[in-house]
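Undergrad: These are the residues of each chain, in order.
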Amino acid sequence: MTQLTPLNPPDRSGGGNGARLLDVRGLGVSYRMGRRWLRALREFNLQLDAGQVVGIVGESGSGKSTAALALMHYLSANGRIDGGDLRFLGEDMLAMGAADLRRLWARHIKLVPQNAGAALNPSIKVGRQVAEALKAAEGIEGAKADQQVIASFRAVNLVDPAQVAERYPHELSGGMQQRVAIAMALMCQPDLLILDEPTTGLDVTTEAVILDLLRSLISGQGAGVLYITHNLGVVAQLCQRVVVLYAGEIMEEAPVAQLFARPRHPYTLGLLSSLPKAGQRKAHSRLQTIPGNPPDLRSVGQGCVYVERCPLAIEMCRAQKPPLEEVEPGRLARCFRWQDVDAFSGESPSRPDGSPLGRMASSGDSSPRPDGGGEGGQSGESPPRPDGSPLGRMASSGDSSPRPDGGTEGDILNAEGLTKHFPVPRDLVDLLRGRKPWPIRAVDGVDLRLRQGQTLGLVGESGSGKTTLARIIIGLEARSGGRLELFGADIQGGLRARQQDLLSQVQMVFQNPQNSLNPYRSVRQTLCRPLVKLRGLSAKSAEDQAVQLLEAVNLRADYADRYPDELSGGEKQRVAIARAFASQPSLVICDEPVSALDVSVQSAVLNLLADLQDEHGSACLFISHNLSVVGYLADVIAVMYLGQIVEIASADALFRAPSHPYTEALLAAIPTPDPSQRSQRILLADDLPSAQNLPSGCRFHTRCPRNIGEICGRDAPPWRETGAGQGIRCHIPLDELAGATPPPAPPRQDEEGM
Amino acid sequence: MTFLTNIHRLLRVLLWQPQSAIGTLLVAFFFFLALFGGQLAPYPNANDQSHDARVSPTLDIGSLQLGAHPFGTDRLGRDVYSRVILGANSIFRIAGLGTVISVVLGSALGMAMGYRGDWLDELLGRVIDALLAIPALLLALVMVGIIRNLDFQINSWQAALADEVTLLVIAILYIPVVARVARSAALDIKTREFVAAAEIRGESSAFIIFREILPSAIPALVVEASLRFSYAIFLVASLGFLGFGAPPPSPDWGLMVNENRGGFYRLTPWALEFPALAIALLVIGVNLMSDGIRRAVQKGGA
Ligand SMILES: Nc1ncnc2c1ncn2[C@@H]1O[C@H](COP(=O)(O)OP(=O)(O)O)[C@@H](O)[C@H]1O
Ligand code: SF4
Ligand code: SF4
Ligand SMILES: [Mg+2]
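Same order as they appear, the protein sequences are chains A and B.
Numbering of the first sequence is given in our numbering, commencing with residue 1 and proceeding in unit increments.
Numbering of the second sequence is given in our numbering, commencing with residue 755 and proceeding in unit increments.
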């Protein structure tokens, strides 16, 4: 399918004589920080052949981007190469002059930088930009260049490439920008492609499409690829070998299957075990965590860089730096005790109280899935809600189904038909034609119930309306329609109309730790304010209480005097969580609280949330695009698509047998951190349609892999419920949905060598 | 992170770069004159006409000797050196106070507009845009003309205001300019999540504007304030020169340049050159400094 012709074989005459594509040994990089040099990368080794995909994983700040730039011999002005050897096709890149390097960058080594959207020039149409790159690399201009640009856009699956070429970067979604950047890099058929976190920040569905695309392009072109990410799932799905980077040093390097099956370094082990496993629930076990923080690069001593966080550390680790040694053929590890890692990888610890939480809706969880429960399917009407079923009390229903009229006492949250339409300002054309543009229907008739102590997970692609829904509930956004009840009381008006008591009962943890704390307030001031304002404590007792809050989120008391810029991302999020729990709320809304955090920190924050919620008996509305995270925390999961809830089910039921085609697609898109399970993907075409111009009939019909024809595009599907409290919005009868298996994945070409 | 360490850091960055260091030192020098001019000037009465008229400057740069009249005397026998020194006070007072007033009021207005973001903001925003479309000097001249021609009773408060007409004009002229900057800063900052956190805590608008949003806007406002100050200096000098500033015989630099133009320039060129030099040095100094402040703040990323 790709229009790009295969690459010239890498044994260029004059270059190497069958030399490696990329051969790096002992490379070091330092950045000047004021008067001292920060050694951001030390003793970096890498061998990469044509046609190979090597992954570099590590937390933020571990030196991944530095490595990427160093491999191009392209460092920022305050950076320098400390030494080592860097060879591209046998040529010494460190000895090359600027002109030679520029020729190399234009033609042979291409970098897709982290956040490619920002790397595109905002004032030039994307088609033009790619054409410029082509001109620089190959001197192709004019109509021929335009043709090639369009072809390259088609190769990266951009729909309507000619039209995309005419747009400016800001008119494209994140996923499209990323694809343009990839097209630009692949255009010149580079020998080496370096991708720095190309899918970080994108939806799983978009990520799945891009990964799939990369796979086919890689196998088509035969280029060597260096894929940088912090997502182990992506590595497992895409790469053949992995380099694990920590604090600027390689901890382990191995073929992907072996790394995931038997990590040989405690850090790799820690990373792998901190991921929530499929079906793992907070009721049964805590997530494993890596305690502590990465070391400050300024104070890296002679010992092992991981020693402060390593459960296997011994005396010797402090005194001496472990060498990067070959532990098996083709595997390297930097650890004195690599033989003991195997024995150490035990089971995950269970939750402190051992027992599943009594308050949880466990009866719904364990009930078998409805087998031929076709009552819902025949009539198109939902069956009477079974009383006593925990889920029956909070399921969603669409416009076509009868309103539930069960008792609401005990409900913390009860929403019916919540709607938010954002008006779109008229532009000149609208004014002249005298028409009013459609509003953006961000939330469009959502019913939700949440009981005390329950956790409701809300998932969906970005743009599906999750955050807007949360903001309506907490009062940050005025609703345009529907009813909202909190603690049994009908809520009217905005935040200002809410009583103090209600305010303290509902709190929120925000997505972006960078922005959620006021940078000009110390942690103490941040925590004291809600204590004084909402709990009415005196300044003195608020200070004592603030220290206790810090303890509750596992931060030392001396953090009270720090300012946000002295905290890491995970620490900031802990403070934000402490602030939310300061008023002892009964309902905590968490909007993507861990999406911006590194894997090693995510699990600790999730544990913390589960513990606090448990302790306070608070209910939680947990929003995330990461289904495995939601699966761990939530009792019940609601799946949202374009302003509507398309499925509600208990977490177990949802994972055991996802039913709605959209849920299926979301689940399939999660890159599994298991190389032996390269998933059968259900790829969703295109991006989420605009909420201003919603598809007719079923809103999912434009992308639905199971679209059953005319009816889907014409009629809004009914909301149907199963006996077990699962609710689904789809035309396909429930029993058929439950029985069907997802369609087979497209054949893949790059499995060899694994 | 605290205010004092910020000032400290700012000063350090300012003095590090040669241009901004020169600017800062120039401004500091004139500020010193403004504060202690009364003590430093050999003849502290600005209108002291007891000297010989048209004495050439006695300043000898080679030997650093000041002499009796370092900058000479003007045609009325006033010591130009003293008058230049004494003039520093009024230009600093008017430009400085005018800037402070406009920054304080403009920030408050702009922040409130940006935070509310409703129809009132829309309306005021349009008014501001319209005001800003008129050239500043023209607007200033019109305002001065109007205020000057009002009939006030002597010693009434209106009359007192009319005496401070330049200061008033600067404040009024720059309030919308500052408001626009503050507004766009507030529009940006209010989308950050700590503001939402304050809202769901039920904080008052005043608390959110001044305690949550303002601190993050201060870097932008400091840059704007320094820019306003440098324009204000220039405006005071221009108004004085055009005869719309301080009335004679005050030692206003702009006025001194005006009074010694034309035929008088041939007689006593020094009476024009030294105040003109003072204006030029101060304007250059203030510009270099505000440029340095801008760079320091942007570099600090605060
Ligand atoms: N231009 C730079 N100047 C100074 N320090 C830098 C620069 N770029 C990166 N660093 C530092 O180098 C380390 C590695 O950063 P980076 O390569 O960006 O890691 P990652 O890609 O894993 O996030 C970090 O401590 C980071 O703060
Ligand atoms: S060398 Fe020691 S501290 Fe480092 S990873 Fe191995 S056991 Fe842990
Ligand atoms: S109604 Fe049709 S288009 Fe919509 S989810 Fe069901 S099968 Fe897909
Ligand atoms: Mg990076």
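If you're looking for bench data, these hints aren't it; they were derived computationally from the structure.
A virtual CB, placed ideally from N, CA and C, is assigned to each residue, including glycine.
There could be a bad hint or two in this list.
If the Cβ cut is set under 8 Å, some of the chain A residues that face chain B in the computed set are [said to hold, decoys possible]:
#	residue
1	320
2	321
3	500
Some chain B residues close to chain A (C-beta under 8 Å, calculated; not the full set) [unchecked claim]:
#	residue
4	872
5	938
6	942
7	946
8	950
9	954
10	955
11	956
12	960
13	1019
Undergrad: Per the CB criterion, is residue 946 (chain B) less than 8 Å away from chain A?
TA: holds, 4 Å
Undergrad: Should the hint that residue 938 (chain B) touches chain A count as held when the rule is a Cβ pair under 8 Å?
TA: Given a least distance of 18 Å, the restraint on residue 938 (chain B) is violated.
Undergrad: Could you check if residue 320 (chain A) really has its C-beta closer than 8 Å to a C-beta on chain B?
TA: violated, 39 Å
Undergrad: Answer holds if the nearest beta-carbon of chain A is closer than 8 Å to that of residue 956 (chain B); otherwise answer violated.
TA: holds, 5 Å
Undergrad: Under 8 Å is the threshold here; is the Cβ of residue 950 (chain B) close enough to any Cβ of chain A for the hint to stand?
TA: holds, 6 Å
Undergrad: Hint residue 954 (chain B) vs chain A: min CB-CB distance below 8 Å?
TA: holds, 6 Å
Undergrad: Tell me if residue 955 (chain B) is really an interface residue toward chain A, meaning its C-beta lies closer than 8 Å to one of theirs.
TA: Hint holds; residue 955 (chain B) Cβ to chain A Cβ min 5 Å, cut 8 Å.
Undergrad: Would the stated hint for residue 960 (chain B) survive a check requiring a Cβ distance to chain A of less than 8 Å?
TA: Because about 13 Å separates residue 960 (chain B) from the closest Cβ in chain A, which is outside the 8 Å limit, the hint is violated.
Undergrad: At a threshold of 8 Å, is the proposed contact between residue 1019 (chain B) and chain A supported by beta-carbon distances?
TA: This interface hint is violated because 51 Å lies over the 8 Å limit.
Undergrad: Hold the hint about residue 321 (chain A) up to the distance rule: shortest CB distance to chain B must be less than 8 Å.
TA: Since chain B brings no Cβ nearer than about 34 Å to residue 321 (chain A), farther than 8 Å, the hint is violated.
Undergrad: Would the hint on residue 942 (chain B) be counted as holding, given a Cβ-Cβ threshold of 8 Å to chain A?
TA: violated, 11 Å
Undergrad: Given residue 500 (chain A) as an interface hint, is its Cβ closer than 8 Å to any Cβ of chain B?
TA: holds, 6 Å
Hints 1, 2, 4, 5, 6, 12, 13, counting from the list given before, are not met by this structure.
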